[in-house]
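J.: Next come the chains, spelled out residue by residue.
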Amino acid sequence: MPRGLLRRTTLMALAALGVLSLAACATPQSSFSPASDVADNINTIYVLVVTAATIIGFLVLMAMAYLIIRFRARPGGKARQIHGSNKLEIAWTVLPIGILLIITIPVMFFVNATSQAAGSDAVKVDAIGHQWWFEFRYPGLGPDGKDLVTANELVLPIGRQAGITLTSVDVIHSFWVPALAGKTDMVPGRTNHLSPFTPNELGTFYGQCAEYCGVAHAKMRFRVKVVSLGEFEKWVAAQNTAAADPDAGSAAARGWALFQTQGCSGCHTINGVSAGTFGPNLTLFGERSTVAAGILESTQENVAKWIHDVQSVKPLPAQGSMPSYKDTLTEAQALDLAAYLKSLTVN
Amino acid sequence: MAANIGILRRPVATTGIWSWVTTVDHKRIGILYGVSALFFFVLGGLEALLMRAQLAQPDQTIVSADTYNSLFTMHGTTMIFLVVMPAGAAFFNYMIPLLIGARDVAFPRLNALSYWLYIFGAILINFSFFMDAFPKQTWVGYAPLTSHAFSATSGVDYWVLGLQVLGLGTLIAGFNFVITILNMRAPGMTLMRMPIFVWMTLIISFLVIFAFPPLTVALTMLMLDRFFDTNFFVDIKSGSDPLLWQHLFWIFGHPEVYILILPAMGMVSDILPTFSRKPLFGYATVVFAGASIAFLGWGVWAHHMFTSGMGGWANAAFSGATMTIAVPTGVKIFNWLGTLYGGQLRFSTPMLFALGFVSMFMLGGLSGVMHAAVPVDGQQHDTYFVVAHFHYVLFGGSIFGLTAGIYYWFPKFSGRMLNEKLGKVHFWLMLIGFNLTFMPMHIVGALGMPRRIYTYSPDQNWGALNSLISFGALVLAFSILLFIINLVRSSRSGEKAPMNPWGASTLEWTIPSPPPHYNFAVVPTVSSQHPLWDEEANVILPPALPAHEEPEMPAPSYWPVVLAASISMLAGGLLIYSAMSWAGIAVMAAFGALGLRAIYGWIFEPPYAQGAGHHHV
Chain A
1 MPRGLLRRTT
11 LMALAALGVL
21 SLAACATPQS
31 SFSPASDVAD
41 NINTIYVLVV
51 TAATIIGFLV
61 LMAMAYLIIR
71 FRARPGGKAR
81 QIHGSNKLEI
91 AWTVLPIGIL
101 LIITIPVMFF
111 VNATSQAAGS
121 DAVKVDAIGH
131 QWWFEFRYPG
141 LGPDGKDLVT
151 ANELVLPIGR
161 QAGITLTSVD
171 VIHSFWVPAL
181 AGKTDMVPGR
191 TNHLSPFTPN
201 ELGTFYGQCA
211 EYCGVAHAKM
221 RFRVKVVSLG
231 EFEKWVAAQN
241 TAAADPDAGS
251 AAARGWALFQ
261 TQGCSGCHTI
271 NGVSAGTFGP
281 NLTLFGERST
291 VAAGILESTQ
301 ENVAKWIHDV
311 QSVKPLPAQG
321 SMPSYKDTLT
331 EAQALDLAAY
341 LKSLTVN
Chain B
348 MAANIGILRR
358 PVATTGIWSW
368 VTTVDHKRIG
378 ILYGVSALFF
388 FVLGGLEALL
398 MRAQLAQPDQ
408 TIVSADTYNS
418 LFTMHGTTMI
428 FLVVMPAGAA
438 FFNYMIPLLI
448 GARDVAFPRL
458 NALSYWLYIF
468 GAILINFSFF
478 MDAFPKQTWV
488 GYAPLTSHAF
498 SATSGVDYWV
508 LGLQVLGLGT
518 LIAGFNFVIT
528 ILNMRAPGMT
538 LMRMPIFVWM
548 TLIISFLVIF
558 AFPPLTVALT
568 MLMLDRFFDT
578 NFFVDIKSGS
588 DPLLWQHLFW
598 IFGHPEVYIL
608 ILPAMGMVSD
618 ILPTFSRKPL
628 FGYATVVFAG
638 ASIAFLGWGV
648 WAHHMFTSGM
658 GGWANAAFSG
668 ATMTIAVPTG
678 VKIFNWLGTL
688 YGGQLRFSTP
698 MLFALGFVSM
708 FMLGGLSGVM
718 HAAVPVDGQQ
728 HDTYFVVAHF
738 HYVLFGGSIF
748 GLTAGIYYWF
758 PKFSGRMLNE
768 KLGKVHFWLM
778 LIGFNLTFMP
788 MHIVGALGMP
798 RRIYTYSPDQ
808 NWGALNSLIS
818 FGALVLAFSI
828 LLFIINLVRS
838 SRSGEKAPMN
848 PWGASTLEWT
858 IPSPPPHYNF
868 AVVPTVSSQH
878 PLWDEEANVI
888 LPPALPAHEE
898 PEMPAPSYWP
908 VVLAASISML
918 AGGLLIYSAM
928 SWAGIAVMAA
938 FGALGLRAIY
948 GWIFEPPYAQ
958 GAGHHHV
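So the sequences go chain by chain: A and B.
Reminder that position 1 of the first sequence reads as 1 in my numbering, one-by-one numbering, no gaps.
With the second sequence counted from 1, adding 347 to any position gets you my numbering.
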């Protein structure tokens, strides 16, 4: 019996994992679709641990079911007055120690491997948590050797190690892209290091703040775009080029004027246009797939909606964050602004 | 003379509301704890249902973000501090003296003080709702989110002070039960003859004594930050450290997990033998395993902080330490299964819940081992996977175990049986509802859903699983409704309970149901672990004593409730102080004076109504 049972439970565990990985395809933030070396390693240990736990859990439940059926009270039955068994009790102390060692050893190797500093040729990024958005700074890649600054969409080249440091300007946040690495907290006053990882798949990956950080915590998301090295270099170059003036008379041109007169430029930087630093840097905003920190798809309508009525998208406090432009801008003006922001692309 | 010193005459009521307010009888205090815990269980459950309504579909706006954040903060705070801990205390109070053959706890008035501090602390925390300041900083209150800059309303203040007040009550109860268990056992009841529930209570009481001080320290620092602008957790540039809070909180918080689960483990260790008709398998091993869990529980707090950036060495050490706890936990589970072996199992409702406990708690333990593995925790931490895990431990474990205890001992509490048929429906619905609610949470967490989010977007594709979870929560809530109906109906018109309805082996079943206020007319003598199974002398119901021969019991007192109210109003005064400083100082001074008066009233008041006739000079 035990052998057949073991095979069946293993099959069941694998089937359960299969269902999970099927579900993972449709769920972009799943921890079961690894796209980096580190995530691959995590996944291996994850599957090992889940399989072991499923088998043990299933066997114990089966044993329990057997005992319940076998020893149910029968008329005239007498319970055997057993007080214990030294041999058995030692066995079920020692056996779990063995199983735990099987799990612990790869864990220790993993912890050691991921505690190493990033290589000297790694793409370095300083990720900074803000209530409720992510700032990404690439030291030395900006104009004149300064930082290249972007927000809410991290761009990384495939096949190059990424060394990401983490900190926060306000409360504790947590940086988590399940497809690329486990989460690490962004703690104010500290510089944490995400385990250095090398993306091995092209694509856009979902990330989200995983440490409760105040009212809009649920709406603090981001994306990581893994691109080819060539595309990455093109993006870096464009990021360092001053944005061109939009064609006179276009919607974008009207939006450009509004950007400068309605206070946007006081908080947001666009290279060559403005230098505000309170809010997210908007250089090459047109390249980003989302607006409002990973919340809305970046269509012109959604960008206008965000500008016109932030409260309908994110529960921001009245003070100290993006104001609502409901009373100052018409919907048409918000659309113009959106048109301008959407025009900020690589070409 | 001494008896009448004070502004209050010694209470004499034996029925009615004042008899409950002034009672020092451990059984009545136990019932007060139990009923209060049940009330807050319903409250915390309603908070959970509102959350499940909001999350049933993506992008819903049934409650606002602020409200949702308050709901999960208060659900956690309520269930841990106002439900599971006091529910455990209800059993400690009611059962421990009965199980060890004593007439009361060591310090009956301190016991009353513990209860009133709990209830006033609970009121203080929840009172914030009426001041439009419901806490919303999570039940773990991580710095610096709790500082004025990020939590402007006084919700954190109510939470800090309420926890301090009820924490004091818990600490006092810890001492009370250590002393009761060590000193007041019936003749012949050596430590290794105690029922396992008594053992676990002893262990928990030690845990409380050592675990609450770090919480008190953390809360005091936060209180100083909030009210007097100190800088323990506020401004990092001038030397505060947000991780200091996490370390202090979890040095309390992890042993707290064992404070929440060990009562259930104890009850189940006594219930399984009763319904298997044989002794617990490996009694001594189960005792040692419980003590090991409690001891190892002190060395694992930082596994709550694997993602905080402590570094590889700390992560490796705490990961290894956490794995070791699985060993004594596994030993307990196997010993419970061993207890079934060779038995004559009867599946009365308490047994069903005890078996539910063993299976569901085991699943919670297995998922716990998963996030003891650092890389796996990196994916699971702060997601619904963890929410699933600790509900398997705290609901599948603690609540199933406590429910088993209620079905088991209700006849002793009330003199009536709970309805078995309704009880069985309750069990199966609760088991199904529980698994429908919390099993899918593992999956949705693994699919990337973080905890503490008030909504999620449709593009995440978490909607279907969340609908299932919310449906499960409804089933679970319905099962609890059946339970409450059963409790209310059976306490009025349930079948009369005999002295020992389950054929159990321990001392509480040697006295009438419900017990007389003095418990044991004759203090029993024991010579084994199973006085009713092994010793003929204990099976005979002792004759009822005529009133004039009843043992004299400690008399009721106003001072515990007055002192508890004074301590709570010191906290209340501090809350007023932050809005109107002089009014606050006046309130604190007045209640400080009253509290001092209460302490002296307490000192001068003899514990018994008719004192031994000592005269003061």
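What the hints contain is simulated information worked out from the structure, not anything from laboratory work.
Where hints are given, some of them may not hold.
Partial list, derived from the structure: chain B residues whose beta carbon lies under 7 angstroms from chain A [unchecked claim]: (1) Gln404; (2) Pro491; (3) Ala661; (4) Ala663; (5) Leu687; (6) Gly690; (7) Gln691; (8) Arg693; (9) Ser695; (10) Ala720; (11) Gly795; (12) Phe825; (13) Ser826; (14) Leu829; (15) Ile832; (16) Arg836.
Here are the computed lysine-lysine pairs in the DSS-like style, where the Cα-Cα straight-line distance is at most 27 angstroms [what the hints assert, rightly or not]: (17) A:Lys78 with A:Lys146; (18) B:Lys843 with A:Lys146; (19) A:Lys326 with A:Lys305; (20) A:Lys234 with A:Lys124; (21) A:Lys124 with B:Lys771; (22) B:Lys843 with B:Lys771; (23) A:Lys78 with B:Lys771; (24) B:Lys843 with B:Lys768.
Every residue, glycine too, gets a C-beta built ideally from N, C-alpha and C.
J.: None of the hints should be skipped; say for each whether it holds.
T.: Results of checking the hints against the structure:
1. For Gln404 of chain B, the shortest C-beta to C-beta distance to chain A is roughly 14 angstroms, which exceeds 7 angstroms, and the interface hint is violated.
2. Nearest Cβ of chain A to the Cβ of Pro491 of chain B: about 6 angstroms, under the 7 angstroms cut. The hint holds.
3. The criterion of a C-beta within 7 angstroms of any C-beta in chain A is not met by Ala661 of chain B, whose closest approach is roughly 10 angstroms, and the hint is violated.
4. Taking 7 angstroms as the C-beta contact cut-off toward chain A, the hint placing Ala663 of chain B at the interface holds, the least distance being around 5 angstroms.
5. Among the interface hints, the one on Leu687 of chain B holds; its C-beta lies about 4 angstroms from the nearest C-beta in chain A, closer than the 7 angstroms criterion.
6. Proximity of Gly690 of chain B to chain A holds as hinted, the smallest CB-CB distance being about 5 angstroms (cut-off 7 angstroms).
7. A hinted interface residue such as Gln691 of chain B counts as satisfied when its beta carbon comes closer than 7 angstroms to some beta carbon of chain A; here the least separation is about 4 angstroms, so the hint holds.
8. Because the beta carbon of Arg693 of chain B sits about 5 angstroms from the nearest beta carbon in chain A, less than 7 angstroms, this interface hint is met.
9. Restraint check, Ser695 of chain B versus chain A: the minimum CB separation of about 10 angstroms is more than 7 angstroms; hint violated.
10. About 5 angstroms separates the beta-carbon of Ala720 of chain B from the nearest beta-carbon of chain A, less than 7 angstroms, and the hint is met.
11. For Gly795 of chain B, the interface hint holds, the least distance from its beta-carbon to any beta-carbon of chain A being 3 angstroms, beneath 7 angstroms.
12. Taking 7 angstroms as the C-beta cut-off, the interface hint given for Phe825 of chain B is violated, the closest approach to chain A being about 25 angstroms.
13. With a cut of 7 angstroms, the hint placing Ser826 of chain B at the interface with chain A is violated, because the nearest CB-to-CB distance is about 21 angstroms.
14. Annotation: Leu829 of chain B was flagged as interfacial toward chain A, and the flag is violated, the nearest CB pair being 23 angstroms apart, outside 7 angstroms.
15. With a least beta-carbon distance of about 28 angstroms to chain A, the hint placing Ile832 of chain B at the interface is violated under the 7 angstroms criterion.
16. At a threshold of 7 angstroms, the smallest CB-CB gap from Arg836 of chain B to chain A is about 28 angstroms, leaving the interface hint violated.
17. For the suggested pair Lys78 of chain A and Lys146 of chain A, the alpha carbons sit about 83 angstroms apart, so the restraint of at most 27 angstroms is broken.
18. As the CA atoms of Lys843 of chain B and Lys146 of chain A are separated by approximately 83 angstroms, the hinted pair breaks the 27 angstroms bound.
19. With a CA separation close to 10 angstroms, the supplied pair Lys326 of chain A and Lys305 of chain A stays within the 27 angstroms bound.
20. Using a Cα cut-off of 27 angstroms, the hinted pair Lys234 of chain A and Lys124 of chain A holds, with the two alpha carbons roughly 17 angstroms apart.
21. A threshold of 27 angstroms between alpha carbons decides the hint, and for Lys124 of chain A with Lys771 of chain B the separation of about 61 angstroms lies outside it, so the pair is violated.
22. With a C-alpha separation of about 19 angstroms, the suggested pairing of Lys843 of chain B with Lys771 of chain B holds against the 27 angstroms cut-off.
23. Among the hinted pairs, Lys78 of chain A with Lys771 of chain B is consistent with the structure: their alpha-carbon atoms are about 25 angstroms apart, no more than 27 angstroms.
24. For the suggested pair Lys843 of chain B and Lys768 of chain B, the alpha carbons sit about 16 angstroms apart, so the restraint of at most 27 angstroms is met.
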